[in-house]
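K.L.:
Using the hints, put the two chains back together into the complex; each one sits in its own frame.
Residue numbers (the numbering used here), protein chains in the order written: chain A, 9 to 446; chain B, 317 to 433.
Just so you know, not all the hints are guaranteed correct.
What the hints assert, rightly or not - Under the rule of at most 27 Å between Cα atoms (straight-line distance), these lysine-lysine pairs were calculated in the DSS-like manner:
| no. | chain 1 | residue 1 | chain 2 | residue 2 |
| --- | --- | --- | --- | --- |
| 1 | B | Lys319 | B | Lys364 |
| 2 | B | Lys375 | A | Lys48 |
| 3 | B | Lys358 | B | Lys319 |
| 4 | B | Lys358 | A | Lys48 |
Bear in mind the hints are in silico, worked out from the structure with no lab data behind them.
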Amino acid sequence: MIDDLNFQHVFAHIVAALTRILGPRHLSLAEEAAQDALVKALQLWPLQGEPANPSAWLIQVAKNRALDLLRRDQRLVELDPSTADRAPARQSETVAAGAMIAAAGVDPSADARLRSETAPPDDDQLAMMFLACHPILPREARVALTLKIVCGFGVREIAHAFLAREDAIAQRLVRAKRQLRDADIGFELTAADYAERLDSVLDVLYLLFNEGYAAHAGDRLVRSDLCREAIRLGDLLADAGAKLCTVNGAAAVHALVALLHLQAARLPARVGDDDVLLRLADQDRSLWDASSIARGLQHLDAAASGDRLTVYHVEAGIAACHAVAARYEETDWPRIAELYDSLLVMKPTPVVALNRAIAISRVHGPRAGLAAVDAIAGDAVLARYYLLHATVGELALETGDRDRAAECFRAALACECSEPERRFLERRLRDAARGAAN
Amino acid sequence: MPKYTLMLRENGTAFAGLSPADFQAIIQRYGAWRDELQRAGKFAGGHKLRDGAGRVMRKNSSKIVVTDGPFTEGKEVIGGLFVIEAASYDEAVSIANGCPHLDYGSIEVREVEVTRP
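Chain B extracted, bound-state conformation (with noise of 0.2 Å):
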């Protein structure tokens, strides 16, 4: 089945004034939305990327130029990602739709392109 990743952008202050009881809440919610994809064999892993702790890499003509990042000033970033397995496109955006990551952050939904030999 494909292989889809769901890659979590979020700008940072989208915590801010949570309460336990929020935070509880949330967590649970994740919690439902990851039984069900593993119940139905259609969760792949998820990935956590170290909060501002990145450089980006460039090449300047001959030199390569690195400069800290990426930068997360008032910028959604991707904060980690997901990786599930979907028939479709649609059905890897229907299953993006029911994550409760959309409450605070917007999601990107790719298809990783197998290419045969």
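Next up, chain A with everything else stripped away, as it sits in the complex (with noise of 0.2 Å):
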């Protein structure tokens, strides 16, 4: 039943299994296929009703609409042979294509491929990760494909998450395709594949996830979609995936998915009742997720196998001593301030530095916190980061010193930040003003 179905995991569904038939440089046209089939159904079913089995419906049209597609190729290139470089199929690859694509609706092992009911068989998933993560695309492209063919999101949707313009995100979709295309990637992923591509896929799901988590600004329906795609794609990892890594891949995979887990277990109690962030100290730990942190805490124990410790497995570690603490009073903070220093060595950015400031300052006091933070309070990216102003807010108002702390606050107010972050930074400045000290 529709109800049941998901159109953007059929989507991807579609995507995938096409691509698998035709191969990645057919990308475009696998998605093509995949949106008129959705056309096709809106334009249907509100009028004849919804067919008995709404994804197998889609597939199948998908299919026949891939097979016109090829032909409508082929047939430009017979017009125009200078664009048979820019035109995705080959004569010889539209016949095979067909081929595979019509045998694909009768031999029964291949269609089931294409008919499991809602989501791609995970190693259709796999691939596609492993395709849209590819170290040839930049960066922000790999995001946005990912989030494109293996979450179905609309290029709406994409642009809306990273703040970034409609256009901007198609052109960069284009792009990749293009280059994905001129490399001519296989679909079927060999252990070299996973060996070289693995680092990139945990780096933008790591994005992904604190993309979301971090809710800057936008819409907050969209952000927690990113948080819990990139735990869907982390557990399919963890679960199909780490036995294709080498034991160091498969530790590294299981560290991100622990962190994703431990730190999504925090977010039902991140905000309150009247929209205000909450700081940790704050929070109903009640309201954490429990099965998420025995979820995240199992993956940490299976991350100490291997011998390489990424940043995911420090940051796990740290993650892993909040969700343990029953109450804030019980936080091991000299623990974490001892991770945060293996964790400014290996990422030695000025928001690593800054949160390592606070945990010393949970160790030492304020004024050791204070101390460490003007080490970096130099610093041009973390002057425009309302959480630099905010922290030395809070330890100002610590040391009784309300002025400075009002000044902070309202320095931390003229940055960039979300709502509930705004309301919480105006709720303490209010705070300071009144020399109130929590």
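P.N.:
Below is the structure:
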């Protein structure tokens, strides 16, 4: 029934199945066929009622459409041979692909792949992930292409999630598909492909999740979709893909997936009833998702194999320290400060340094924290980051310096931040003015 | 009860740029609209017309002239029609008002005339 059908997954399913049959050089055609099948559904189903098996119906229509499109491309080349290098299909290829699509309609084993009800089979999804995250593509193109062909997002939704213009995203996608076509990438993944592309896949999942988690601005629904998709694909990679990786590769996968689950566990508690961002200290920990925490800790255990320590290991370790503390006061801050020391070596960014300063302030007091912040406060990027000013404000408040605190919260409010964050900062500004410490 | 046709006009570009989630949302809204009519016993059928496959026939003095059509370029064409039952033209219009088609096309509401012998 249509209510059980997720169109994003069906779209990804069709694109993956056709790309497997036709090869990644026909990715655009696969997408076009999938899109046309959805148009057809929208034109027909409201008038005639929904078919008994909507996903099988969509897949069949898309297969027929793919054949039409292949023939169209072929005719274009016959009419104007100079387009041959631009046209995605050569004649021999068209014939072979047509035979494969047709065979997929009668051969039960091939058809099973196309007919499985809701989402693409795991190996298809993995192949599409590793295709979209191919290192020949620029990083932002990998992210956009993953959302488009693996998650079934539209261009508008991708633009929305990354606060980019729709035409810029559309262009980025076209260029990425052209690059993949020109490089003649295969669909089936070899061990070498895994080794070569895994870091890029992990990086994209990490970025998707953080983009959703950070919620700088924009539509909250789209952003929670990003977190959900990053976790879905992370789980898939951990379940089906990790066994195809080297020991160190698999350990990195588990470390990242641990991090995603441990961070996601806190999502339900991050914003209060009045839509104000809540600090760790203020969150109702009973709202933390215990099953996510348990899954995260399991993956963190699995991540201990291998001998390569990744950023994901350290960040998951920090997230685990928070997740297992029943109360804020029970947080193992010395351990967290130590982990931030390691992280700063691996990832020497101002934001990591800022978080390290916060951990130091919990271990050695607000003045030590302020001294650690002073060491990085000159950074131009940090100066535009609300959390720098908010952190100094909090620490100043703890030392009793209300004037400095108020000044910092005002500076934080002048930076870009989301609505819940802005409301939080305004509240803290009022607190500073009133002289409340918490 | 009198029957009405809701003729659905669209211009063919309305679906460009819709995402899978958009398609899902629109189709679900259609489903809800249809279900409600069906429950009220007011739904009397729907027909999709085949895209771009049709001829227009005209008698020119004594000759029949056949042209391909309808011409879809840049114009709204009838893509399909619903048949509903309603107590009055006003009710038919209010039913059409809730039809998701209005988000990307227009609807012409016409009563089916029944002449008693």
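K.L.:
Each hint: holds or not?
P.N.:
Hint check:
no.	hint	in the structure
1	Lys319(B) <-> Lys364(B)	18 Å, holds
2	Lys375(B) <-> Lys48(A)	35 Å, violated
3	Lys358(B) <-> Lys319(B)	9 Å, holds
4	Lys358(B) <-> Lys48(A)	25 Å, holds
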